[in-house]
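Asks: Protein chains in written order, with this note's numbering: chain U, 1 to 330; chain D, 1 to 330; chain F, 1 to 330.
Just so you know, the hints here were simulated from the structure itself, not pulled from any lab data.
Fair warning: there could be bad hints in the mix.
Identical copies carry no separate label here, and so any pair may be met within one copy or between two of them.
Computed list of lysine-lysine pairs in DSSO-like fashion (alpha-carbon distance at most 27 Å, straight line) [unchecked claim]:
1) K266 - K163
2) K282 - K76
3) K200 - K72
4) K279 - K76
5) K266 - K200
6) K310 - K266
7) K266 - K237
8) K237 - K310
9) K72 - K279
10) K266 - K205
11) K200 - K162
12) K163 - K200
13) K237 - K200
14) K266 - K162
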Amino acid sequence: CTGCCSETCFLTYETNKSVVVKSWSVGIINRLVQLLIISYFVGYVFLYERAYQVADTAIESSVITKVKGFGKINSKIMDVADYIHPPQGEGVFSIITNIITTDNQVQGTCPEVRTHLEHFKPGFSSFLSISVFSLKGRITGVCNTPVGYCEIEGWCPAEDDKKNTTTMAEFVNFTIFIKNSIRFPLFNVSRGNIQGDNFKCRYDKLTDSFCPIFRVGYILNELQQDVEKLGGEIGIKVEWICNLDEALDSCVPRYSFTKLNSPFEKNKVSKGYNFRFAKYYKALDGTDFRTLHKAFAVRFEVMVTGTARKFSLIPTVINVMAALTSIGMV
Amino acid sequence: CTGCCSETCFLTYETNKSVVVKSWSVGIINRLVQLLIISYFVGYVFLYERAYQVADTAIESSVITKVKGFGKINSKIMDVADYIHPPQGEGVFSIITNIITTDNQVQGTCPEVRTHLEHFKPGFSSFLSISVFSLKGRITGVCNTPVGYCEIEGWCPAEDDKKNTTTMAEFVNFTIFIKNSIRFPLFNVSRGNIQGDNFKCRYDKLTDSFCPIFRVGYILNELQQDVEKLGGEIGIKVEWICNLDEALDSCVPRYSFTKLNSPFEKNKVSKGYNFRFAKYYKALDGTDFRTLHKAFAVRFEVMVTGTARKFSLIPTVINVMAALTSIGMV
Amino acid sequence: CTGCCSETCFLTYETNKSVVVKSWSVGIINRLVQLLIISYFVGYVFLYERAYQVADTAIESSVITKVKGFGKINSKIMDVADYIHPPQGEGVFSIITNIITTDNQVQGTCPEVRTHLEHFKPGFSSFLSISVFSLKGRITGVCNTPVGYCEIEGWCPAEDDKKNTTTMAEFVNFTIFIKNSIRFPLFNVSRGNIQGDNFKCRYDKLTDSFCPIFRVGYILNELQQDVEKLGGEIGIKVEWICNLDEALDSCVPRYSFTKLNSPFEKNKVSKGYNFRFAKYYKALDGTDFRTLHKAFAVRFEVMVTGTARKFSLIPTVINVMAALTSIGMV
Numbered sequence: 001c002t003g004c005c006s007e008t009c010f011l012t013y014e015t016n017k018s019v020v021v022k023s024w025s026v027g028i029i030n031r032l033v034q035l036l037i038i039s040y041f042v043g044y045v046f047l048y049e050r051a052y053q054v055a056d057t058a059i060e061s062s063v064i065t066k067v068k069g070f071g072k073i074n075s076k077i078m079d080v081a082d083y084i085h086p087p088q089g090e091g092v093f094s095i096i097t098n099i100i101t102t103d104n105q106v107q108g109t110c111p112e113v114r115t116h117l118e119h120f121k122p123g124f125s126s127f128l129s130i131s132v133f134s135l136k137g138r139i140t141g142v143c144n145t146p147v148g149y150c151e152i153e154g155w156c157p158a159e160d161d162k163k164n165t166t167t168m169a170e171f172v173n174f175t176i177f178i179k180n181s182i183r184f185p186l187f188n189v190s191r192g193n194i195q196g197d198n199f200k201c202r203y204d205k206l207t208d209s210f211c212p213i214f215r216v217g218y219i220l221n222e223l224q225q226d227v228e229k230l231g232g233e234i235g236i237k238v239e240w241i242c243n244l245d246e247a248l249d250s251c252v253p254r255y256s257f258t259k260l261n262s263p264f265e266k267n268k269v270s271k272g273y274n275f276r277f278a279k280y281y282k283a284l285d286g287t288d289f290r291t292l293h294k295a296f297a298v299r300f301e302v303m304v305t306g307t308a309r310k311f312s313l314i315p316t317v318i319n320v321m322a323a324l325t326s327i328g329m330v
Numbered sequence: 001c002t003g004c005c006s007e008t009c010f011l012t013y014e015t016n017k018s019v020v021v022k023s024w025s026v027g028i029i030n031r032l033v034q035l036l037i038i039s040y041f042v043g044y045v046f047l048y049e050r051a052y053q054v055a056d057t058a059i060e061s062s063v064i065t066k067v068k069g070f071g072k073i074n075s076k077i078m079d080v081a082d083y084i085h086p087p088q089g090e091g092v093f094s095i096i097t098n099i100i101t102t103d104n105q106v107q108g109t110c111p112e113v114r115t116h117l118e119h120f121k122p123g124f125s126s127f128l129s130i131s132v133f134s135l136k137g138r139i140t141g142v143c144n145t146p147v148g149y150c151e152i153e154g155w156c157p158a159e160d161d162k163k164n165t166t167t168m169a170e171f172v173n174f175t176i177f178i179k180n181s182i183r184f185p186l187f188n189v190s191r192g193n194i195q196g197d198n199f200k201c202r203y204d205k206l207t208d209s210f211c212p213i214f215r216v217g218y219i220l221n222e223l224q225q226d227v228e229k230l231g232g233e234i235g236i237k238v239e240w241i242c243n244l245d246e247a248l249d250s251c252v253p254r255y256s257f258t259k260l261n262s263p264f265e266k267n268k269v270s271k272g273y274n275f276r277f278a279k280y281y282k283a284l285d286g287t288d289f290r291t292l293h294k295a296f297a298v299r300f301e302v303m304v305t306g307t308a309r310k311f312s313l314i315p316t317v318i319n320v321m322a323a324l325t326s327i328g329m330v
Numbered sequence: 001c002t003g004c005c006s007e008t009c010f011l012t013y014e015t016n017k018s019v020v021v022k023s024w025s026v027g028i029i030n031r032l033v034q035l036l037i038i039s040y041f042v043g044y045v046f047l048y049e050r051a052y053q054v055a056d057t058a059i060e061s062s063v064i065t066k067v068k069g070f071g072k073i074n075s076k077i078m079d080v081a082d083y084i085h086p087p088q089g090e091g092v093f094s095i096i097t098n099i100i101t102t103d104n105q106v107q108g109t110c111p112e113v114r115t116h117l118e119h120f121k122p123g124f125s126s127f128l129s130i131s132v133f134s135l136k137g138r139i140t141g142v143c144n145t146p147v148g149y150c151e152i153e154g155w156c157p158a159e160d161d162k163k164n165t166t167t168m169a170e171f172v173n174f175t176i177f178i179k180n181s182i183r184f185p186l187f188n189v190s191r192g193n194i195q196g197d198n199f200k201c202r203y204d205k206l207t208d209s210f211c212p213i214f215r216v217g218y219i220l221n222e223l224q225q226d227v228e229k230l231g232g233e234i235g236i237k238v239e240w241i242c243n244l245d246e247a248l249d250s251c252v253p254r255y256s257f258t259k260l261n262s263p264f265e266k267n268k269v270s271k272g273y274n275f276r277f278a279k280y281y282k283a284l285d286g287t288d289f290r291t292l293h294k295a296f297a298v299r300f301e302v303m304v305t306g307t308a309r310k311f312s313l314i315p316t317v318i319n320v321m322a323a324l325t326s327i328g329m330v
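Chain U extracted, bound-state conformation (with noise of 0.2 Å):
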């Protein structure tokens, strides 16, 4: 039977020749060893890694937050057009907590806040301080030494950021509306974070784990956090989990929250966030002027992850099949 061109050759089957080995011994390791082969199926192939589904973590996600909540910044009402940036409401947004204003700055030269000793510290808070090394041509180069202030070209007066102030005390109860929509592509399914039209409800993870409105100071608690010290970056984690194979009600979201900045406290820059917008206005002579904003803010990510599987029949079949050839069943 050397060509196989043959009908006869064809259709025979080879196979190898088997011996059995008839001891207790050599017997007990071998099921030891098929136990062994099954128990890594079943246990971490099966259940825990779920080979018979497949997963579709490349999420379509869709985030939209609205905050609500009065404050009081240096004894004016804020209310969410003040505070919010930016305005449209989105997944990244700041609260803002604490405002250093400086009013009616225009175009001009004026003395330096700082003295010009200070500019030789390592500073990272102003901006001005850092101006002398990078851009001299800004700092016109008149310096009143006696009194130890130099002159800047710019808007002015420059800002002084050493004021004292104190954090927006009502922040703690703002509140964060979350509405996020996804989509597993791979699987075609769609769901909302959102059941039934109750808004006011609020989230807790014991009582109420599926309501999509943050109460802020929840949140701070839920991370240890102190309002006086935050260190200005929260993510609020939406993870998606579902067996599609179950009922598509058991699709919903778990909430969580995180420090994002928690790398960095044991820096000194991890103090705060802050971050400067002016607001524009024009004198009745047309000189432009603004009100310079140095911002103390809290920064909130909203972060949605997801992975969806379902049941899929051919990597089920290629695994029981290397479960049972690895025993030698087949």
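Chain U is fixed; fit chains D and F onto it per the hints.
Replies: Chains D and F in isolation, oriented as in the chain U frame:
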């Protein structure tokens, strides 16, 4: 031949004794099983899963958008600087289609617009009615019960967001230009979605499917979405599926559209998407006043996904070996 | 031994009969094949693919940026509040390098800046010239053909964006500070990109590759990019490749830069990136007027990717078993 140190023993080859079973029935089953295995490898592993290629889905993507068009809201002509938030041409942006403005607000006290009774109805659209629950301090406590109004402290006069307004009709004629560049870092291949310099085209899935300029009305039509009942969130998907074994010119994007808020269509909250922002002014005496805008908008999200595949020797060899081994040819 | 219920039969061990072929040529081929298989497992599976570790690429990342520096545009000093959009220090931000301002625009009718004939040229840079096609209603229809202007209704006077302007020269001296924290959820490991509190450093790939402060000029130089021919989009990549079996201190980021608009370098559209925004004012009589800004900008995108690997028992055992089985040792 017990020790393996002798040269003779090292160069021996141990193989299994095999038996050739000459049986038509067993032979046919044997060949059928081999056919099944070959089909699996050829059909699923090679053709469907493309195991001879490596895939890169970790794309670097950058999106810049530019909206054009003019509309009229409350008899004022709105241009792009008026209706786009944020203005920088990001991949996620909102086009304002309607605005309720509250002019000349100053810090002070004034009657709330809603009646006292209304506060106790569940209400999402008004942040004022929520405030009575969460921020009682801002309600001064003075309530003129016969008339039914309570006094608030804050930006006055209070907003009345129940005015009837109509959606900017010209919105459907706006165009969205999308400039998307992607890079597959594994293969160091960069691609952009613009061919040539024809910027007078309009995207049409049949006649001009590579044009990067999208008419809003076309998108709404594709989604079978009435502009008056807009849910507020539209995804523009840019999908790159590239076979880098073919000519690079065939690595082009495919566009599609999706209603991101579709999971919320049964919720009342899905009726629209709105946000508030303010424009700040200064009176001659230095008093701050503002115009509060409640903007009804449609949010567009450009979502880029990509997969590039390219031939790779090692996975091909491994899979061919696996196929041959499993049918007993190696 | 047909039934397997008897204890004797359960504890037998069935194995294949083997033949030892004593042939130098066959023996050499056998050992070479084994060597090849071992090389594949050691070299590719273990060393290259690191199959003894599990990998986590689903990082949680948070980026805060802070730009410093002063520049001069149209003889006005610009600080960070003037030239950054958005102001909150996000991972994607635009630095304005040039502005064409159109002052004192009010709602009304006025002649278009361009001639009537120009409307029919393909033009992307001017939204006015596009409007004649897409929004004919906004063109009032009054055309003073001898002079060549048509009347428009909208914010007047109309913008003339063909003015010659120069890029803010000080831009190259600006510095970008990046604060990036990441977390590998699979291993619950968090890392930040800041070591110590030295904020006077400047990033240099040779001398200070861990410094998180980047001079814009350095980035442009690395990209061999002339500031005057800037395409407008620059990616700052932060890459974390962490072997968690080593000391945690070796889990540090690597920075690199990329021209995100490189696929468009042959298109006319790549010439620059610009967007429009307006500052709104109120006249004494309550009329709204605005200053329209056409801002030419460079957009920076901080792109964070990460992979962490850690030893894991099960994949190691599986792969060692696979290696031994394939050379016939198990």
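Asks: With reference to the structure, classify each hint as holding or not holding.
Replies: Right, here's what the structure says about each hint:
1. K266 - K163: Answer is within: at 24 Å inside a copy they meet the 27 Å cutoff, but 51 Å across does not.
2. K282 - K76: both (23 Å within a copy, 15 Å between copies)
3. K200 - K72: This pair counts as within: shortest intra-copy Cα distance 24 Å, inter-copy 36 Å.
4. K279 - K76: both (16 Å within a copy, 16 Å between copies)
5. K266 - K200: between (39 Å within a copy, 18 Å between copies)
6. K310 - K266: This pair counts as between: shortest inter-copy Cα distance 26 Å, intra-copy 44 Å.
7. K266 - K237: Answer is both: 24 Å inside a copy and 25 Å across each meet the 27 Å cutoff.
8. K237 - K310: Answer is both: 23 Å inside a copy and 24 Å across each meet the 27 Å cutoff.
9. K72 - K279: Result: close both inside a copy and across copies, 19 Å intra and 19 Å inter.
10. K266 - K205: Between copies only: 25 Å across, 30 Å inside.
11. K200 - K162: between (41 Å within a copy, 20 Å between copies)
12. K163 - K200: Classified as between; 24 Å across copies, 39 Å inside a copy.
13. K237 - K200: within (21 Å within a copy, 35 Å between copies)
14. K266 - K162: Close inside one copy (22 Å), not across copies (50 Å); limit 27 Å.
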